[in-house]
Amino acid sequence: MRTRLFTRRTPARGSVLAIGAILTLISLSAVAPASAQQKISKRYPGGKNVRVELKNISGTIVVESWNKNEIRLSAIIESKNANVTPRQVNDCLMVDVMSDNRGRGDVGEINFKLQVPVNSSVDVETRRGNINISNIRSDLVRAHVSSEGDIELTNISATQVVAHNVIGNIFFDGEFSGGGTYEFKSNKGDITIRIPGNSAFRLVAASPTRQIKLNDFWNNGFKTQDGRKYVGDVGDGRSSVSVTNFSGQITFLRK
Amino acid sequence: MNCDQCQELIQDLIDGSLSQRDEFTLNTHLQDCMDCESVRQDLTSILSYCQMHRGEYEAPPNTQALWLRIRNVVEAENGARAAAFAKTRQPSFLSRLMGHTWELSLPQLAASAVAIVLVVSLATVVGLRRLSGTEGVSATAETQIKGAYNVNERLWQRQQAINYWNQRVELNKTRWSSNMRDTFDRNMKVIDDAVANSLNELNRDPHNEFAEQMLNAAMNDKIDLLKDFSDL
Numbered sequence: 001m002r003t004r005l006f007t008r009r010t011p012a013r014g015s016v017l018a019i020g021a022i023l024t025l026i027s028l029s030a031v032a033p034a035s036a037q038q039k040i041s042k043r044y045p046g047g048k049n050v051r052v053e054l055k056n057i058s059g060t061i062v063v064e065s066w067n068k069n070e071i072r073l074s075a076i077i078e079s080k081n082a083n084v085t086p087r088q089v090n091d092c093l094m095v096d097v098m099s100d101n102r103g104r105g106d107v108g109e110i111n112f113k114l115q116v117p118v119n120s121s122v123d124v125e126t127r128r129g130n131i132n133i134s135n136i137r138s139d140l141v142r143a144h145v146s147s148e149g150d151i152e153l154t155n156i157s158a159t160q161v162v163a164h165n166v167i168g169n170i171f172f173d174g175e176f177s178g179g180g181t182y183e184f185k186s187n188k189g190d191i192t193i194r195i196p197g198n199s200a201f202r203l204v205a206a207s208p209t210r211q212i213k214l215n216d217f218w219n220n221g222f223k224t225q226d227g228r229k230y231v232g233d234v235g236d237g238r239s240s241v242s243v244t245n246f247s248g249q250i251t252f253l254r255k
Numbered sequence: 001m002n003c004d005q006c007q008e009l010i011q012d013l014i015d016g017s018l019s020q021r022d023e024f025t026l027n028t029h030l031q032d033c034m035d036c037e038s039v040r041q042d043l044t045s046i047l048s049y050c051q052m053h054r055g056e057y058e059a060p061p062n063t064q065a066l067w068l069r070i071r072n073v074v075e076a077e078n079g080a081r082a083a084a085f086a087k088t089r090q091p092s093f094l095s096r097l098m099g100h101t102w103e104l105s106l107p108q109l110a111a112s113a114v115a116i117v118l119v120v121s122l123a124t125v126v127g128l129r130r131l132s133g134t135e136g137v138s139a140t141a142e143t144q145i146k147g148a149y150n151v152n153e154r155l156w157q158r159q160q161a162i163n164y165w166n167q168r169v170e171l172n173k174t175r176w177s178s179n180m181r182d183t184f185d186r187n188m189k190v191i192d193d194a195v196a197n198s199l200n201e202l203n204r205d206p207h208n209e210f211a212e213q214m215l216n217a218a219m220n221d222k223i224d225l226l227k228d229f230s231d232l
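Residue numbers (the numbering used here), protein chains in the order written: chain A, 1 to 255; chain B, 1 to 232.
Hints in this document: simulated from the structure, not taken from any laboratory. Ideal Cβ positions, reconstructed from N, Cα and C, are used throughout, including at glycine. Take these hints with a grain of salt, some might be off.
Only part of the chain A face toward chain B is listed, based on derived beta-carbon distances under 7 Å [to be verified]:
{"id": "1", "residue": "Trp66"}
{"id": "2", "residue": "Asn67"}
{"id": "3", "residue": "Met98"}
{"id": "4", "residue": "Arg104"}
{"id": "5", "residue": "Asp106"}
{"id": "6", "residue": "Ser147"}
{"id": "7", "residue": "Glu148"}
{"id": "8", "residue": "Val162"}
{"id": "9", "residue": "Asn187"}
{"id": "10", "residue": "Pro208"}
{"id": "11", "residue": "Gln225"}
{"id": "12", "residue": "Arg228"}
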């Protein structure tokens with residue numbers, strides 16, 4: 001009986017099954033590119049002091065240190081059309097999504113995660129999206145969001161730090177090295193700087209909305225322009241700090 | 001084809017004066033070479049900007065000063081000519097005055113009027129200063145005029161840069177996704193608000209240094225945003 005069930009399939013039923021299978025395959029292949037998502041993960045050898053440069057168009061960038069002398073780059077690429085081609089020259093790893101995808105139209109979001117040696121110089125930018133950098137001790141940490149996106153720099157000790165965005169919050173948690181330069185700028189968002197109480201720096205802070213809170217770092221030596229700009233030294237003013245916010249709060253916190 | 005050869009031919013490509021074969025070779029190279037493609041885009045942007053603004057001439061920053069300079073040059077040349085003529089012939093003062101022809105264009109007349117007003121104003125200021133015994137009035141006025149002039153000149157220069165980058169953005173904007181366009185517009189509005197606020201403050205108080213600094217910063221941000229998005 002069982003044998004008959006399998007062997008006595010009529011030609012009409014067979015063709016219906018075949019057409020059904022083909023239709024299923026076609027519909028699956030049509031849906032597949034729309035939800036296609038690429039994931040890449042690559043490792044690059046590097047010494048203790050490497051440099052990472054990343055230029056993204058849209059998407060988040062996460063950079064964190066790990067205890068290996070190599071770089072690990074992971075990315076989740078939303079569009080199948082997008083191309084990511086990292087290039088390594090000596091101790092510098094460069095990823096330029098803009099150049100890699102010129103002429104390809106909209107390539108959607110690409111979310112990056114970079115794991116680097118703790119002493120790496122980090123220079124990352126994106127046209128839009130959040131940037132999160134943590135646990136870096138080097139000569140440069142630069143995070144630039146051309147339009148909107150939050151920037152969070154945690155446990156950073158670098159001689160040059162730059163954080164710029166147009167819309168979004170900027171949070172810095174770290175320390176200012178003697179002789180270092182630190183620049184934070186946002187057009188619409190809060191800027192919060194959390195540093196040790198014994199930090200020494202020369203500060204220029206400007207906010208047209210008069211929302212500057214120096215808290216424990218305020219002293220009588222500060223000159224102010226109508227509460228909209230503060231210029232003065234904290235400690236011996238060894239490092240230079242510039243904070244500009246057009247319509248948001250500037251807050252200094254002691255850690 | 002190498003990059004040097006390519007960049008020499010880009011102008012011809014834009015003009016449409018290349019043979020089909022050269023055009024194909026060049027386009028193949030441009031597809032592979034980002035540097036040359038960037039040069040082509042820059043050149044196209046500059047040309048399209050120039051074409052769109054053909055015939056438009058920006059007024060010089062200070063027309064009155066320009067007219068005064070022209071008038072001074074004209075008068076100096078006339079003076080030199082008159083001195084040379086006087087060496088050969090020495091007519092009487094009355095005949096010289098009566099024989100002189102006064103042909104001035106409207107701008108020259110305007111410039112003369114402005115010069116007279118300036119001289120009278122200066123004389124009045126000097127007179128007042130002597131009378132009241134106060135010092136530094138003219139120096140302060142001069143500094144203020146110079147300051148206002150510098151601000152306007154810097155604004156004008158920045159505006160030119162903004163116009164240029166804006167043209168490039170507009171060329172590429174159609175290729176962006178709607179999300180990207182919304183993001184750009186939203187952020188541009190935030191910066192424009194900052195520019196407008198600083199300008200309003202400067203209009204209320206032209207010597208507000210803080211407002212001037214913020215205006216400079218906001219305009220730089222605007223240029224940066226346009227530059228960053230012009231490549232998309």
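Hints, verified against the model:
1. Checking A:Trp66 against chain B: minimum C-beta separation of about 30 Å lies over 7 Å; hint violated.
2. For A:Asn67, the interface hint is violated, since its Cβ never comes within 7 Å of a Cβ in chain B; the closest pair sits about 35 Å apart.
3. The closest approach between the C-beta of A:Met98 and any C-beta of chain B is roughly 6 Å, which is under the 7 Å cut-off, so the hint is satisfied.
4. Contact between A:Arg104 and chain B, as hinted, is not supported at the beta carbon level, the nearest pair being about 10 Å apart and thus beyond 7 Å.
5. Hint status for A:Asp106: holds, given a least beta-carbon distance of 4 Å to chain B, under 7 Å.
6. Restraint check, A:Ser147 versus chain B: the minimum CB separation of about 4 Å is within 7 Å; hint holds.
7. Taking 7 Å as the C-beta cut-off, the interface hint given for A:Glu148 holds, the closest approach to chain B being about 6 Å.
8. Violation of the interface hint for A:Val162 is found here, the shortest Cβ-Cβ separation to chain B being roughly 13 Å, above the 7 Å cut-off.
9. Interface hint status for A:Asn187: upheld, as the beta-carbon distance to the closest one in chain B is roughly 5 Å, under 7 Å.
10. Hint on A:Pro208 holds. Least Cβ distance to chain B is approximately 6 Å, under the 7 Å limit.
11. Of the supplied interface hints, the one on A:Gln225 holds, with its beta-carbon coming within about 5 Å of a beta-carbon of chain B, less than 7 Å.
12. Proximity of A:Arg228 to chain B holds as hinted, the smallest CB-CB distance being about 6 Å (cut-off 7 Å).
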